[in-house]
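Student: Take these sequences, add in the hints, and give me the full structure.
Below, each chain spelled out in residue letters.
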Amino acid sequence: MSRLGIALLALAAAGLLAGEDFTFTLASPVAAQDFRFKMAAFVFRTEGCAEPAKPEVTATAEGVVAGVRRSVAVQVMATGKPGIFAVGQTWPPEGKWLVNLKGVCGAHRAGALVPMNEKGFIRESAKFFPRPATTGEIEASLKAHSEGGKK
Amino acid sequence: MNPSNLNPSKLEQFGASMLEHLPPVKAPDRIWTAVEAALDRPPVRRRRWTHLLVPLAAAAALVYWAIPRHGVRWDVVRIHGAEHVTGKIAAGQWIETDGGSRATVTVGSIGTVDVSPNTKLRVVATKPGDHRFALSRGEIHATISAPPRLFFVETASGTAVDLGCEYSLRSGEDGEGLLQVTRGWVSFQWNGVESLVPAGASCRTRAEGGPGIPYFDDASESFRQALDNPTSLDTVLSAARARDTLSLWHLLWRVPPADRARVYDRMAALTPVPEGVSRDLALRLDPATLARWKDELAWTW
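Line by line, the protein sequences are chains A and B. To convert, note that position 47 of the first sequence is 47 in my numbering; the numbers rise steadily by one, no gaps. To convert, note that position 96 of the second sequence is 96 in my numbering; the numbers rise steadily by one, no gaps.
Heads up, a few of these hints could be off.
Said to hold, decoys possible - In silico lysine to any residue, SDA-like type, Cα no more than 20 Å apart, as pairs: (1) A:127 - B:299; (2) A:81 - A:127; (3) A:81 - B:294; (4) A:81 - B:275; (5) B:294 - A:25; (6) A:127 - B:300; (7) A:102 - A:67; (8) A:102 - A:128; (9) A:81 - B:274; (10) A:119 - B:274; (11) A:81 - B:146.
Quick caveat, the hints were computed from the structure, so don't treat them as lab data. What you are looking at is a predicted structure, and each value in this text was computed from that prediction instead of being measured.
Tutor: Okay, here's the thing in structure tokens:
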């Protein structure tokens, strides 16, 4: 492989790594250390964004209730600490739901699918992406969640 | 405190607290002499305001009567079967339930306390900055929405300090009991020993021993039992999951110094040690270092 080829490969790898650096860390509301968010469904923080105050984050709840597919807008609340957000529960208690998180930090993107149950979020079943989750990934995760699996 | 910055309810609380500190002062005799002299005079233009004297005096008496001299009184509902009796309760008064009754106290504007059957509870303070009960025996469930350190429950084995939370607290007269937190954080303190208990975790309280080591409710039975036995450190360390660093973090403070490094090393093996936490400082129980570590560990709890 030529030197130019190696350099291009290294640049591509570096770009991929940089993109993967921007992601989310999920936690129980206690991690926010802020009583105002104790009722949150969960909290998360952005990782790998050079300016933690800058990331833009949005979310929707995707669910199935009595066999009917539903989408609900989700309230993402900035806490007093840069890069730390709380997700309020806006979806109904019945049915199976997951939260689709999307983040933007400059040129970088991040996504996560966070299955929920009556006790909160299911950490071990959460999926993370270096971009927003695709429709196919959302539907597959929701199907797995509805069937009780960890796909 | 600048009263002009307060909202109406805070202003009311501020006014009430100011009134509590005003000593009663007898009016000088010359005031009554002047009042009587004025009443004896024939009606003149002053009649326009003197006719307000009686209602004003009545209103002043009503305000004096309505504002308690020993802090704000809280609403309480006593429930016995289908019967609900509402009332007020002030600092120094007791709530006692038997096997067939319970009660609910509205704690100022910050939350509620449900009192279970067979419980004896005293209201200690009803001040805006100090909402305080003493649980003599039995069980309560507190739902509080307020900044930290405004709500306290004293027991024979220590004091539960609300850090913005919802929890159940059971205690016997000897102090043996259990704290179970369902939302937020509770700090349980006794003689300089503190246990920080987050949502999903519990902490036993012990007579003459204060708070035990907190543990998550989904921890294994062997782990939980070993926490109560000082000679079972090997079991605790081997059975710990990443989430059980809650317990290990508290153990760091309480194991003999010779065992501290083993606890640290197990924690470091379960979760990455964050930047700013040095082994040396952690083993020396540097408060800032351990607080930093605890805040980071909370992201795995």
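Student: Which of the stated hints cannot be reconciled with the structure, identified by number in ascending sequence?
Tutor: Of the numbered hints, 2, 7 and 10 do not hold.
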